[in-house]
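Chains as they are written, first to last, in the working numbering: chain G, 1 to 175; chain B, 1 to 657.
A couple of the hints might just be wrong.
[Stated by the list, open to error] Heads up, incomplete: computed chain G residues facing chain B, CB under 7 Å, no partners named:
1. F4
2. L5
3. P7
4. L8
5. F11
6. V15
7. F17
8. L18
9. W71
10. C72
11. K99
Don't read these hints as lab results, they were simulated from the structure.
Positions of the beta carbon are idealized from the N, C-alpha and C atoms, including for glycine.
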Amino acid sequence: MKRFLLPLVIFLIMVAFLAIGLNLDPREVPSPLVGKPAPAFSLPRLDDSGEMISNKDMLGKVWLLNVWASWCGACRDEHPILVSLSKNGAVPIYGLDYKDTRFDAMQWLAEGGNPYVATAVDESGRVGIDYGVYGVPETYVIDKAGVIAYKQIGPITEEVLRDKILPLVKRLQTP
Amino acid sequence: MIPEIGHFALILALLVAFIQGVFPIFGAARGNVTWMALARPAARAQFFLIAIAFVCLAYAFATKDYSVTYVATNSNSKLPLQYRIAAVWGGHEGSLLLWAMILSIWTVAVSFFSKHLPDTMRARILGVMGLISIGFLLFMLSVSNPFERLIPAAMDGRDLNPLLQDPGMVFHPPMLYMGYVGFSVAFAFAIAALLGGELDSAWARWSRPWTTLAWVFLTSGIMAGSNWAYYELGWGGWWFWDAVENASFMPWLVGTALMHSLAVTEKRGSFKAWTVLLAICAFSLSLLGTFLVRSGVLTSVHAFATDPRRGLFILAFLVVVIGGSLALFAWRAPTVGRGGKFSVVSRESFLLANNVLLAVAAISVLFGTLYPLFLDALGLGKISVGPPYFDTVFAPLMTPALFLMGIGPIARWKQASLPELAIRLRWAFGVSVATAIVLPLILGRWTPMIGLGLFLAFWIFGTSIHLVYQRLRHSGLPFMASIRASSRAWWGMVVAHLGIAVFTLGVTVVKGFESEIAVRMSPGDVAHLAGYDFTFEGVKEIEGPNYSASQGQIRITKAGVERTVVTPEKRLYHVQNMPMTEAGISPSIIHDLYASLGEPLMDGAWSVRIYHKPMVEWIWFGCLMMAFGGLLALSDRRYRLQRRIRNKEDAPLEVRA
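Generate coordinates for the entire structure from the input sequences, incorporating the hints supplied.
Here's what the structure looks like:
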């Protein structure tokens, strides 16, 4: 009898999740990395595999690290927001192209516009592991000393940008 | 007026669905023949009413009635007629109507082709299908009414999503839905059998043709969708592991397992509980797919507008249907008995192993599809899992499944001998290993994945050829007679398995040997790829009925000899102001040459993407072979025989391997 109940139990657990998925607004959770130095990386640039980018290059300025990939649907949602953010120049955005092929990534930028000062290619996802990437997209706000000040899981929305990221960036930028 | 008639027909259909869902099932439980007899007329009346509603909606589209909200949001006065008709299922409300329409088609088909079934069984089957119909009709009439009026009427419509304005869109959704909804028949058979406590081989025999037919539709529907994505999205990809694609792929995987499991249950009486569970799961996954697509819980290119009430409704419906049937399963399945015994090495165990692999594959797709949702539910944000996960999980599951697929049909029922199998299959094994090693070296590139893919493809070819050879030789008949001596069901199996081999070969070669370039091209520029020269001859502006397009001319030559001219387009659909790509493809059995336009650059130059896709057409041809194999099996003479003798309940049916 018991083993025949198993499918029902699994289904009910799934339903619980689906119900929460319908009703609950996504909340932010504190990442263990917030307040810690951003993990070091040194990766080839997307547009020029001969050149490397390291997080040390950005010491002394406040910057965003946006994890994205051309195969990621939710990235499509946040992309226009990033592009307009890059145009107003409030904060430099660096990309981390996660588990992607260079060709697809270049095409993606050619089509949707390139909001990134530079994009680092994390083809194997190694750096993603160091940063505790749950999935794509994610965005980190990193301060002048190279410490992670905020982590956004999922796409950046207009509200998140206006209410969280921009005020935080402004605060971090004032000496 | 016409939309009101459609609306009213839907309300009547709901009332009839209540009669169809409630009385026959109670009648069957109490032995009330009059109540049971209501099932058939109710099924037909319901079909008639939903057909009226469907025609009314199509009429509103055809006559451009923009006082109907759904018509105004999904079509436009400049939209050509065939797309105005296809727009009936281009949005949320209309695709639900298509769902209900197709459910009623299947129901009415069951009512006609079920004369050989016992009355109680038929009453229960039609009753269960009526209950499903209640859910969909209620859903439409409460929160998704396609006939809702827009007052004052719109001057013109907002147009159909340009992605959907394609000949593929006319066929793809109805085919897919025929498949999805078709599993409701196997589901209804399973529930009816659980209710009646009669899980015997007769039940499996009745379910088989319906399941196979639904599977044929689903296979063709998925193929059409994949082919459509290939030329419409302009990326040269044919499968994206998009949530909606997964929603159709999961029922396919489970449906495939179900077909095979039903065969064992019919022939050997084994796997009964497992078969019932698969029948429930195949349809449940179809419903779940509908939930995922319609409720907007997942982001996807296919997603329709979101309304939380709709999501809640479908979820409640899922709980009632799936939860109810799984509870029934937990209650009744322990009593069905275990069926014939079989040894560890036998056709049963190979089929069971493959069944489990297919089910696990479906679960892993389900997990990958829902994982973003789980994280979202736990408040961890919206993310995408994407192809890296699916590619990693899928290959290890499919490898043993394809390998066992080669052995299964050759192994004996009940007890087979491993040494004997090894001797019989040594040639097939040797040839496929040799091919896997040598062929890539000839083609110039060897990687473990290419080797593995080729091995599996040729393994299935080899074992199938061996199987056919043995059959024909041992029959001792002349060639044509020996072909006819085997049943069409058996030939259908062979063709479908060969289809898998063709598909695997196509996937392996495309993944392993495709090449692509993205270049900036001015008129007169030449790009080189895979030994071909692509001359860009500039772009001309053309006007479509509801779009303007820049049509590129790309002349393809090899060693100075002209092969063909392809004309990729970049269209701008006026109403939604949405750019679309139409790839220019020169298909052939060896390879596709594929070009698509990117963005216009300065001075008449364009960014152009060119792909060389060797054997990509084999992927879809393989799917067609699978579907054809299913049709062949359906045309088997025992099904035709069955219809002729359907009034004689106990007439023996021919059962062949």
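Do the hints match the structure? See the list:
no.	hint	in the structure
1	F4	holds (4 Å)
2	L5	holds (4 Å)
3	P7	holds (5 Å)
4	L8	holds (4 Å)
5	F11	holds (6 Å)
6	V15	holds (6 Å)
7	F17	holds (5 Å)
8	L18	holds (6 Å)
9	W71	holds (4 Å)
10	C72	holds (4 Å)
11	K99	holds (5 Å)
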